[in-house]
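Student: Take these sequences, add in the hints, and give me the full structure.
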Amino acid sequence: MGKIIQVGMADLKLAKAPDKLMTAGLGSCIGICVRDKSKQLGALAHIMLPLSTQARNADNKAKFADTAIELLVEEMKRNGADITRLEAKFAGGAQMFKFSGESDIMKIGQRNAAAVEEYLQKYGIKILAKDVGGNYGRTITYDPATGDLLVRTIGHGERII
Amino acid sequence: MVDDFSKLSGLQLDALREIGNIGAGNAATALAQMINAKIDMSVPQARIMLFSEVPDLVGGADKHVVGIYLRVEGSAPASILFIIPVEKACLLVDMLMFKPLGTTNMDNFGDMEMSAMMELGNIISATYLNALAAFTGLKLLPSVPALGIDMAGAVMDAILAQFGEVADHVLVLETDFRKEAVDLVGHFILLPEPGALDTILKALGVSM
Chain C
1 MGKIIQVGMA DLKLAKAPDK LMTAGLGSCI GICVRDKSKQ LGALAHIMLP
51 LSTQARNADN KAKFADTAIE LLVEEMKRNG ADITRLEAKF AGGAQMFKFS
101 GESDIMKIGQ RNAAAVEEYL QKYGIKILAK DVGGNYGRTI TYDPATGDLL
151 VRTIGHGERI I
Chain G
1 MVDDFSKLSG LQLDALREIG NIGAGNAATA LAQMINAKID MSVPQARIML
51 FSEVPDLVGG ADKHVVGIYL RVEGSAPASI LFIIPVEKAC LLVDMLMFKP
101 LGTTNMDNFG DMEMSAMMEL GNIISATYLN ALAAFTGLKL LPSVPALGID
151 MAGAVMDAIL AQFGEVADHV LVLETDFRKE AVDLVGHFIL LPEPGALDTI
201 LKALGVSM
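For the record, the sequence lines run as chains C and G.
Going by the numbering used here, the first sequence opens with residue 1, and the numbers climb by one from there.
Going by the numbering used here, the second sequence opens with residue 1, and the numbers climb by one from there.
Hints listed in this document are in silico derivations from the structure and should not be mistaken for laboratory results.
Fair warning: there could be bad hints in the mix.
Straight-line alpha carbon distances no greater than 25 Å define the calculated PhoX-like cross-link-like pairs of lysine-lysine that follow [claimed, not checked]:
no.: 1; chain 1: C; residue 1: LYS13; chain 2: C; residue 2: LYS39
no.: 2; chain 1: C; residue 1: LYS77; chain 2: C; residue 2: LYS122
no.: 3; chain 1: C; residue 1: LYS122; chain 2: C; residue 2: LYS61
no.: 4; chain 1: C; residue 1: LYS16; chain 2: C; residue 2: LYS61
no.: 5; chain 1: C; residue 1: LYS61; chain 2: C; residue 2: LYS13
no.: 6; chain 1: C; residue 1: LYS3; chain 2: C; residue 2: LYS13
no.: 7; chain 1: G; residue 1: LYS63; chain 2: C; residue 2: LYS130
no.: 8; chain 1: G; residue 1: LYS7; chain 2: C; residue 2: LYS61
no.: 9; chain 1: C; residue 1: LYS61; chain 2: C; residue 2: LYS77
no.: 10; chain 1: G; residue 1: LYS179; chain 2: G; residue 2: LYS63
no.: 11; chain 1: C; residue 1: LYS16; chain 2: C; residue 2: LYS77
no.: 12; chain 1: G; residue 1: LYS63; chain 2: C; residue 2: LYS3
no.: 13; chain 1: C; residue 1: LYS39; chain 2: C; residue 2: LYS16
no.: 14; chain 1: G; residue 1: LYS63; chain 2: C; residue 2: LYS20
no.: 15; chain 1: G; residue 1: LYS179; chain 2: G; residue 2: LYS88
no.: 16; chain 1: C; residue 1: LYS107; chain 2: G; residue 2: LYS63
no.: 17; chain 1: C; residue 1: LYS20; chain 2: C; residue 2: LYS77
no.: 18; chain 1: C; residue 1: LYS13; chain 2: G; residue 2: LYS63
If you want the ones that stay clear, here's a sample from chain G, every Cβ over 10 Å from chain C, calculated [said to hold, decoys possible]:
no.: 19; residue: LEU13
no.: 20; residue: ASP40
no.: 21; residue: VAL43
no.: 22; residue: GLY74
no.: 23; residue: SER115
no.: 24; residue: ASN130
no.: 25; residue: LEU141
no.: 26; residue: ALA196
no.: 27; residue: SER207
DEER-style ranges, computed between Cβ atoms [said to hold, decoys possible]:
no.: 28; chain 1: C; residue 1: ARG56; chain 2: G; residue 2: LYS139; range: 20 to 28 Å
no.: 29; chain 1: C; residue 1: GLN54; chain 2: G; residue 2: ALA32; range: 40 to 48 Å
no.: 30; chain 1: G; residue 1: LEU184; chain 2: C; residue 2: ILE5; range: 29 to 37 Å
no.: 31; chain 1: C; residue 1: ILE5; chain 2: G; residue 2: SER207; range: 40 to 48 Å
Every value quoted in this text rests on a predicted model; they were computed, and no experiment measured them.
All C-beta atoms, glycine included, are put in the ideal place defined by N, C-alpha and C.
Tutor: What follows is the structure, encoded as structure tokens:
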């Protein structure tokens, strides 16, 4: 039996099968999972914001979609992955609160999802599946052995993508 | 400008804890009157935390909660989060609506119940801010509350993301409200924006 490695908000971790990666309570945040199937090696980044270029403090690369994807690629490569073969799945990007006269920040989930998609494509990483949007939270578990991404919710079912 | 919370001194944190104390004391009294029960509060904490640590304050990112969120506008912008475990929120609704305890549950938690919780958040936050404003002379105005019922991490992350563009840490002023000193009612969390800190510290006479 492998371990389940917890990934916190604005954090990034790698795991080799049979270990799994998990991140809890994604709202507007997104959990980006990548894997090299042949090496049974996976990584998960829990991002909060779309772009580091809009931030005054971008020290933590795992916090932003653009730099987190760059870091995912670097870390996978450093651990022996063939980065031309990376595949990705991601989940999150919900809008938890609705206000009248919605401010931009409350649409952060939508902007996160768009940035993740854009930067995965930019790095040539194939997107196999995604589960984004809605107004509910997600807890995800990624299995580097199978590439299965288990998405659990409260009141919106459980699925494997 | 203070844009790095880690530069705050012990004295400044003490001063912030003190305003948390004043605000929460008044909010506890308002809550007690609303639900007609004796409400105590924990010693308020003023802590600098990593984003990932904030959901742990309320039992972890996975914990099923009712979250009430208000934005504070005015001279010292901030966010207020009142986080209540779902089972406690159901009891609070029963008390607010004069129903026998155990009537409300997550299956019958509808618009009326949400509205009751938002009103509760409204009154607690306004009381907290009024006390703070009276003490500091700052103008602090709460927005209309928004309500989310979900995992604690999910309820909080968009709010924390607002701080993410300037910092990796947040300053958290936190108090737990308890009924009869033991039974947790909810966690009250104030997150001042980095730019507001100068204003608050100056008003408290402990600016840098």
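Student: Mind listing which of the numbered hints don't hold for this structure, in increasing order?
Tutor: Going through the list in order, the structure violates no hint and respects every one.
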